[in-house]
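A.B. asks: Which chain is which? The protein sequence lines are A and B, in order. According to the UniProt record's numbering, the residues represented by the first sequence are 1 to 421, in order. According to the UniProt record's numbering, the residues represented by the second sequence are 1 to 421, in order.
Simulated from the structure, these hints should not be mistaken for laboratory data. Everything hinted at is true.
Each pair may be met inside one copy or between any two copies, as identical chains are not told apart.
Simulated crosslink set (DSS-like; lysine-lysine; CA at most 30 Å straight-line): (1) K64 <-> K94; (2) K175 <-> K303; (3) K369 <-> K293; (4) K259 <-> K64; (5) K259 <-> K94; (6) K303 <-> K293.
The structure displayed is predicted, hence computed values, not measured ones.
Protein chains: 2
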Amino acid sequence: MTSSVDVQTTTPLDLGPARALSCRECGHRIPLAAEFACAECFGPLEVAYEFGTITRADIEAGPKSIWRYRNLLPVPADVDSYPNTDPGLTRLVKADRLAAALGVRSLWVKDDTGNPTHSFKDRVVAVALAAARQLGFTVLACPSTGNLANAVAAAAARAGWESVVLIPSSLERAKILTTAVYDGALIAVDGNYDDVNRLATELAAEHEDWAFVNVNVRPYYAEGSKTLGYEVAEQLGWRLPGQVVVPVASGSQLTKVDKAFRELGELGLVEPTPYRVFGAQATGCSPVAAAFKSGEDVIRPVKPDTIARSLAIGAPADGPYVLDSVRRTNGAVEDVTDAEVVEGIRLLARTEGIFAETAGGVTVATAKKLIETGQLDPDAETVLLITGDGLKTLDAVQDHIGPRATIPPSAAAVREVLNRG
Amino acid sequence: MTSSVDVQTTTPLDLGPARALSCRECGHRIPLAAEFACAECFGPLEVAYEFGTITRADIEAGPKSIWRYRNLLPVPADVDSYPNTDPGLTRLVKADRLAAALGVRSLWVKDDTGNPTHSFKDRVVAVALAAARQLGFTVLACPSTGNLANAVAAAAARAGWESVVLIPSSLERAKILTTAVYDGALIAVDGNYDDVNRLATELAAEHEDWAFVNVNVRPYYAEGSKTLGYEVAEQLGWRLPGQVVVPVASGSQLTKVDKAFRELGELGLVEPTPYRVFGAQATGCSPVAAAFKSGEDVIRPVKPDTIARSLAIGAPADGPYVLDSVRRTNGAVEDVTDAEVVEGIRLLARTEGIFAETAGGVTVATAKKLIETGQLDPDAETVLLITGDGLKTLDAVQDHIGPRATIPPSAAAVREVLNRG
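Same shape as in the complex, but just chain A:
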């Protein structure tokens, strides 16, 4: 959002159109720095911008990555000249077969499995790395249970930075391997994700050269999710969809897609047409859906128990802001069972050839439930955000799918299987 700014930075810091950090709660502003909580009220800090004139043509002439939106992000204008993973500009797929299955008229799937490490985390990490470089950090770090670990380790390797990635020691072997291969400092911690997260916050305070992307540079990192919204609008031909369904973990992504849509309208890059934002959670970790349904403003933390591990944040920091977004736009937050998540994964795969991780199953299944319960308008154009890849969560589907048959090598046996012989 364009904002007037009363704090001028005096450092040589170049974070493009970013001008200050502003508290979401009390509005207190501070100069751009590696801060994430308001000193006045402990509210979360957010990047405040002063955008110049930005045209569609400028963006369209830019790099084929999120850096085409660099003038809308807290990064320097020459950001793409530094080695990075160049994420983004993933496919927006017209999903007619899924639309028919769900009974909606016009449906699109934003397929973020095409990113370098196959999740949307490459977007936020790329922005965090660019900002961290400007802020003087030299080590890229995170606590993570999977997708973020992959993205941080890969981005650091590509940039020639050291990385420190903290994971719970109980993490699945596949997620460990896909992080370890990049050869940063991957450290397994005996404890659950909350323990790992606390440790990260402690280390961030001790090591002033370590940028924990989702802790001490979180305000910058979070802005990377806006690119999902920008891309959807550009790929629709510079217009906003009527409805968008977004998975909710911390809730940050949903609020940033909302922010992106508003910014595009305010900047005159799209018509500011009305849109509705919907949040998707797994029932086994649905504190935001619970608050939405009961009409409350406070999120009651839960202990996660779901196969959708990448969404399993029991105390989502941006939960209240998710409620703001969905209520303001006349959307909703809904949740689905693990069985529905698996069916969501399978439905998307068999109709559109896209294999999503469990979070994608949550999104598809939630869209289905929202339609069945009359909350989502089947006649309005709808976009589903698919944010991660099924190859990373094979465990979730392994008991449900397999070959149709195992046969001897004969054509007659094949015909028999297909009921054609």
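Knowing the structure of chain A, use the given hints to seat chain B on it.
C.D. replies: For chain B alone, coordinates are given in the frame of chain A:
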């Protein structure tokens, strides 16, 4: 290659600039059809074209997928209006850190892990599907050991076609799951890949509505690999690299990249500067490297024994044409051990943040060996083709990588691991 054509098709078949099938051995031409072997000499059939005027601007204004090259492929002009996976236009990454590690001056990595099912097979399958639709097929099929199975099942799902995918029953569970999820007819066959392949050929002869992409529509399918060459040239700013290293399985991909480079020169889309083509094999399945090194023209089949399963074709159909390409361009074919393959995967991951499957490890390790043995010029601009994703071949690296340590949740323990406390 532009060719004059003496056979006119009389059917309504629209395969764009394709005009005939031509035998690579005897030059015999037949009308466009679902044929793959020459009736005169049993040589392989290849698509012959009559290209119109094609400009860089036309291509650059096209879709952000392989379909920007539709006027160079055996597909109709409106190919992208049919539901398909829209593969291609993957990243060409300037690999300065890998270049430094290998001791070369200018190095690029073509990262085809960004395709919809994370391998180059999405390219060939998309072209096969488009041609199969024109040729009147209604079922998409293949024998496969992995990447092709994923790509066929996903493409068929997206298009709303039935699919029949035949795999050896011994295939790894991960590769089975990533195919089964698309819900086509996945059939496990008790036997090795050769048995599966023979069964596919038998079934193709029996079912005139089944397009086995790599059997009865192979001439069209194989053309899809040209798009790798087109993209490299376009992404370099419309010029050819001095050297390219390509993994060799059947050998088709290498010959098609060579063909793409020649076509671009002949059509005036790039300066026809000299380039050298290098082939990469795993020592455990290196019949083409063996023939190259011994100066022979005949490929002696081998029984594959390597972790690079996606390259494990013991009797590569296009092996002789690989020899033609590398000899004509002053290139070479080299091979590397499985230990070198693993080190190649790790080297690419830690320098560039790209996690390749074993075939990518073969390419990187072969490039290293070609440099060390003076076969590849370290001063010439070089492109490495990375054709598949490490997430699909985790088994190959699992005994070699892991967390640096497992610790209790304390900052002191982290410091100790990093030798900083």
